[in-house]
Each structure stands twice: as structure tokens, then as C-alpha cells.
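Please put together the full structure from these sequences, using the hints given.
There are 2 protein chains.
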Amino acid sequence: MITATLGPKGTFSHEAALKFNPKAKIIFTETIREIFELVGKKKADFGIVPVENSIAGSIGQTLDYLNKFNVKIHAEEVLQINHNLAGFGPISDIKTLYVHPQTKEQCSEFIIRNFRNAEIVQTSSNSKSAELVSNAKHKSKGAIIPLMSSKIYGLKIIKTNVQDNKFNFTRFFILGKADSKKAKNPKTGILVRPSNDMPGLLYGLLGEFAKRKINLTKIESRPAKGKLGDYVFYIDFAGHRKEKRIRGLLDAIAKNFHVKVFGSYQRKY
Amino acid sequence: MITATLGPKGTFSHEAALKFNPKAKIIFTETIREIFELVGKKKADFGIVPVENSIAGSIGQTLDYLNKFNVKIHAEEVLQINHNLAGFGPISDIKTLYVHPQTKEQCSEFIIRNFRNAEIVQTSSNSKSAELVSNAKHKSKGAIIPLMSSKIYGLKIIKTNVQDNKFNFTRFFILGKADSKKAKNPKTGILVRPSNDMPGLLYGLLGEFAKRKINLTKIESRPAKGKLGDYVFYIDFAGHRKEKRIRGLLDAIAKNFHVKVFGSYQRKY
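Those protein sequences? They're chains X and L, same order as listed.
The numbering used here numbers the first residue of the first sequence as 1 and each following residue consecutively.
The numbering used here numbers the first residue of the second sequence as 1 and each following residue consecutively.
A few of these clues could be false.
As the list claims (entries may be wrong) - Okay, derived cross-link-like pairs now, DSBU-like style, lysine-lysine, Cα gap no bigger than 30 Å in a straight line:
no., chain 1, residue 1, chain 2, residue 2
1, X, K128, L, K137
2, X, K181, X, K95
3, L, K166, X, K260
4, L, K244, L, K68
5, X, K211, X, K268
6, L, K213, X, K128
7, X, K177, L, K166
8, X, K156, X, K68
9, L, K42, L, K181
10, L, K177, L, K43
11, X, K41, L, K166
12, L, K43, X, K166
13, L, K128, X, K139
14, L, K211, X, K211
15, X, K213, L, K255
16, X, K211, L, K213
17, X, K128, L, K9
18, X, K9, X, K139
19, L, K166, X, K42
20, X, K9, L, K68
21, L, K260, X, K211
22, L, K128, X, K95
23, L, K260, X, K68
24, L, K128, L, K25
25, X, K128, L, K128
26, X, K166, L, K23
27, L, K42, L, K23
28, L, K9, X, K95
29, L, K166, L, K139
30, L, K213, X, K260
31, X, K177, X, K9
32, L, K177, L, K151
What the hints assert, rightly or not - Stretches of chain L that chain X covers, calculated by requiring three or more beta carbons in the stretch to come under 8 Å of a beta carbon on chain X:
no., stretch
33, 21 to 35
34, 103 to 112
No lab work stands behind these hints, which were simulated from the structure alone.
The beta carbon of each residue, even a glycine, is placed where N, CA and C say it ideally should be.
Have a look at this one:
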């Protein structure tokens, strides 16, 4: 089995791919788009893409490509994101800290507290930060990286969990050519495009959920391509598309909206 | 007047700051958090923060810091995001292309079409890409950067608008200690925290908007800190918090939800 995920080795996407299937052959890509292409063209059986991070927010590209490409949501994975200070020596010896800008933003309090007088070098990825310290092999250099990067590059963990907000998780979709026909505790993902203005329409849409007591787990408006102020809605809700009440819901929505069903899958959180 | 924005010079945030007030003294920060701190402590009069990009999605940090810090939304700005190929020579001479990972994702089709055989070097910012080409001063090096970076670093624009999706805009909030007391075509931003499960509550919440014919321009669920599956809603809608019908709306919502009003401001798109 072949899975595609964002590289390089040691990314959180790599970790999510291993969590989904530790034995699969992994193709590492440079962009999210390539993952959709590989699954769409059946060059990979599954593709692992980030959907949302509890701090950074939703990944719009993933939502937009779901709409654009002919792939389904087969499953989801949720990873707790922990950043670690890694290197060769104690924290007080580190004079140069390598850190990716997003990681830096997530660890800003820790960096301000401990590295006021150090040189902070921004890198293009967490793996790059690890590689630079690994190559230097000196206790004056440190990096803030995922656990997996520290293992791949042979760095010692000096301090774990250095992010400001300990509540930091990323949700991934496992893309495939089919969704999960059966799933325990299922969820379904859809896109809804209203035909005109929002207030009454969105209210009517949610009424279809409310009267069937179907629980929404995510709703997000996204700008519809081509015009500012026009929106589509990405909605996740509890239930499988094959259940009778969900079929009733989808039929009712389809009368007034354009709907695309991305698939049903097992809920993981 | 002092404004704070994300640096370094030449970022889209810098451009948004100049659009808001071309004469202000600008403080460049390294993180979004610092901007909230500077405005909260009155060390800057205004702070410019990105809220959402039409391709990359919402910036969760900005939404979360709005909830955490004591600042208001004073105004919004919207910038069209254009990426450009810049350097010293024709496109066919470029053997090394410097590009920030997010920019690379947004220009993936152009890069695949034109740089199959070139070395792609990922950088930590668009300004860094420009700086590297500027220092090399050689036609074999190119960068994909905003127009403003090319001006600051003295690079020639070789091809404009090289992003895959021409519909690419970023929305910024101008933060201040007060919102706009008067605004033409006003919008208001709020956060709503339901006290328990979503289906009926969100429906009831939207009913308050629908029955007053108040138009929503954005709705987004965000994980409430501390528990997976618990959500808060960020909502933008048409109208000023001082209007009678908006006061009625906010009073009605406050009966069943925790509400925080971030302020009213002039709609820019």
C-alpha cells in the first residue's frame, strides 16, 4: 500500500501517515496539491493532508482542493503537537537557536524567556532546523523541533513541550478513492454553496440539522472563488451518509443548495 | 502615530500598514502576539494583523488573541495578493529559485511548468528570498516575491501574477484601543461561546440574526481551548453595535451565550 504525505521525513504529516499505517510505502511531497493529485490519479492509495490546527486554524487549501479534486475522505487522524528544544548541550550553552517561523510563533513565550541574548535563525522547516544543529554537532546550537525530527537527526531532547499553548493538536484527513462504508461513531463532511444571500439561507440550512437532532462538529465559511463576499460552507456532522436520517438530511439540503459530499469516516476525537 | 505590523520590511502586512496610514511610524514585530501586546499596552496606537487569506484560510492565532487580549477591531483592510518572479535575467537563465514554502504552494503550477530542472531553495520569508537574489546579483538566481520586496531589494520583475489562483486576497484587522464609533456600511465582529451541545443552540443563535434580517459575512467554529470537540464561534455581520436592532440582537444572544464584542468598523469589501 502506498500513502502520500508532506515531506521531508520527520514532519507531523509523516507522523500522521505512520499512525494511519506504519507499514505503508510513503511518498513524500512538497505541496498539499501533489497529494490530492497522486490520490486522484491512483498513484497513491491514500493521501494524508492537514485540515486544521487548534492554534494556527483551518488549512484553506485542503478544503478548497477537496472541492476541486475527485477524492473522498476515508478517515481522520488527530495528533497532539509537541515542540521540543533539542541539541547537544544544556539550555544555558545555546547561543544560536534554529526555528521555523510557525514553530517560533507557537513557542514565543519560551523563546523570549530563555533566548533573549541568543541569535534566532529562522529556517524553512522543522527538519531543516534539526539538520543544521545535527551538522554543527556543537552544544552552542539548538533547535525547536518535533520528537520525530530529533530521532531522525540524532539530537538529544533538552526540554519537552516548550509550546506556549499546551492544547495544540492537528487534525488530518486520510484521502482515498472511497470513503469508509462502515464506521463506528461516524462523521460526514460536506460542502454547501448557497445560491444567494446568507442570513435566512444559513438559518434554513441549520434548521434541517436541528430538526433531525444531528450534531455539527465543524462549520466554516470560505470565500467562494471569483467574488469577494460570496461564501461556501464546509460542515462536518455526526452520522453516516448511509443512515436513513442522514439521507433525509442530504436530500432536504439538496433542494435548496449545491451540495458535495466528501464522505463518511470514523470519528477519532 | 505609531502602528505595529509583521516584519521584515516588504511583507504584505507592511503593505497593509501603509495602506491604512502611509505616514505612521511603523514598528516591525516577529510574531502576531507582539502586535496584540503593543496595542494592549498602548505602546502602539494601532496594530495590523492578518485575519484570513482566501487560499490559506483563517489565521487562528489572530482570532484566539482577539479573545485573549483587551483590544478592539478599529478597521479592516483587504489586499490583493500578487506573487511575481523577480531577478536579473530572463526566466530561461534561472537555475536557482528562492521561494518561501507558502508562496511555493500558491505558485505550484507556475513552478512545475517553468522550473522542472532548476534547484528550488525554500526560504524563511519572501523578504529573505529577495535578499538572497539581491546579494547574488546574478541572472542565474530568481525569487518569487511581492512587488514591494522587489522594490526594496532592487530586483527586476520578470513575470507578474505567477500564483495559480488569481483570486488571492488577504484580509487584515486594524487593532486599536477603541473600535470605530461611526462607520459607513458598518460590520461588527463577535465571539459566541455556547454553553453546551451545538445543533439546537447554533440554530437558535442564527434565528436571532434571521428574524432581524441581519446578514452574516463570516462564521467560523474554532476549538475552545482545553477540550477537543468544544467550539466557539467567530461571527462577522452587517451593522453597527450602536444601532437599535443590533443592540437588540446582542441582548438576545447574551441571554443564552457568553458573547464578546470585538467592535464595529467600516466594511472594505
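Hints, one by one, checked against the model:
In summary, the hint linking K128 (chain X) to K137 (chain L) is supported, as the alpha carbons are separated by about 26 Å, within the 30 Å threshold. Proximity of K181 (chain X) to K95 (chain X) is assessed by CA-CA distance (about 54 Å); at most 30 Å being required, the pair is judged violated. Pair hint K166 (chain L) plus K260 (chain X) holds up; C-alpha atoms about 24 Å apart against a cutoff of 30 Å. Pair hint K244 (chain L) plus K68 (chain L) holds up; C-alpha atoms about 28 Å apart against a cutoff of 30 Å.
For the hint linking K211 (chain X) to K268 (chain X), the alpha-carbon distance of about 26 Å falls within 30 Å, and the restraint holds. For the hint linking K213 (chain L) to K128 (chain X), the alpha-carbon distance of about 52 Å lies beyond 30 Å, and the restraint is violated. Restraint check for K177 (chain X) and K166 (chain L): the C-alpha separation of about 29 Å stays at or below 30 Å, so the hint holds. At most 30 Å may separate the alpha-carbon atoms for a hinted pair to count; K156 (chain X) and K68 (chain X) exceed this at roughly 43 Å.
Between K42 (chain L) and K181 (chain L) the CA atoms are separated by roughly 19 Å; this keeps the pair inside 30 Å, and the hint holds. Between K177 (chain L) and K43 (chain L) the CA atoms are separated by roughly 11 Å; this keeps the pair inside 30 Å, and the hint holds. Between K41 (chain X) and K166 (chain L) the CA atoms are separated by roughly 25 Å; this keeps the pair inside 30 Å, and the hint holds. This hinted pair checks out: K43 (chain L) and K166 (chain X) have alpha carbons roughly 28 Å apart, not beyond 30 Å.
Under the criterion of a C-alpha separation no larger than 30 Å, the hint pairing K128 (chain L) with K139 (chain X) is consistent with the structure, at around 27 Å. With a CA separation close to 18 Å, the supplied pair K211 (chain L) and K211 (chain X) stays within the 30 Å bound. With a CA separation close to 22 Å, the supplied pair K213 (chain X) and K255 (chain L) stays within the 30 Å bound. For a cut-off of 30 Å, the pair hint linking K211 (chain X) to K213 (chain L) stands: about 22 Å separates their Cα positions.
Between K128 (chain X) and K9 (chain L), the direct Cα distance comes to roughly 24 Å. Compliance with the 30 Å bound is thereby established for this hinted pair. In summary, the hint linking K9 (chain X) to K139 (chain X) is supported, as the alpha carbons are separated by about 24 Å, within the 30 Å threshold. For the suggested pair K166 (chain L) and K42 (chain X), the alpha carbons sit about 28 Å apart, so the restraint of at most 30 Å is met. Between K9 (chain X) and K68 (chain L) the alpha-carbon distance is near 35 Å, which puts this suggested pair outside the 30 Å criterion.
Only pairs whose Cα atoms come within 30 Å are accepted, and K260 (chain L) paired with K211 (chain X) is accepted, the gap being roughly 28 Å. With a CA separation close to 22 Å, the supplied pair K128 (chain L) and K95 (chain X) stays within the 30 Å bound. Straight-line distance between C-alpha atoms of K260 (chain L) and K68 (chain X) comes to about 36 Å, which puts the hinted pair past the 30 Å bound. At roughly 23 Å between alpha-carbon atoms, K128 (chain L) and K25 (chain L) fall within 30 Å of each other, so this suggested pair holds.
The suggested pairing of K128 (chain X) with K128 (chain L) holds, with an alpha-carbon distance near 16 Å, which does not exceed 30 Å. Our distance criterion of 30 Å between C-alpha atoms is broken by K166 (chain X) and K23 (chain L), whose separation comes to about 40 Å. A C-alpha spacing of about 19 Å is found between K42 (chain L) and K23 (chain L), which places the hinted pair at or below 30 Å, so the restraint holds. With a C-alpha separation of about 26 Å, the suggested pairing of K9 (chain L) with K95 (chain X) holds against the 30 Å cut-off.
Between K166 (chain L) and K139 (chain L) the CA atoms are separated by roughly 27 Å; this keeps the pair inside 30 Å, and the hint holds. Between K213 (chain L) and K260 (chain X) the alpha-carbon distance is near 27 Å, which keeps this suggested pair within the 30 Å criterion. The hinted pair formed by K177 (chain X) and K9 (chain X) meets the criterion: a straight-line CA distance of about 25 Å does not exceed 30 Å. A distance of roughly 33 Å separates the Cα atoms of K177 (chain L) and K151 (chain L); the hinted pair therefore is violated under the 30 Å criterion.
Closer than 8 Å: that is the beta-carbon criterion, and the stretch 21 to 35 of chain L has 5 residues meeting it against chain X, so the requirement of 3 holds. As drawn, the stretch 103 to 112 of chain L meets chain X at 3 residues by the rule of a beta-carbon pair under 8 Å; at three or more, the given contact holds.
Of the hints listed earlier, those the structure fails to meet are numbers 2, 6, 8, 20, 23, 26 and 32, in rising order.
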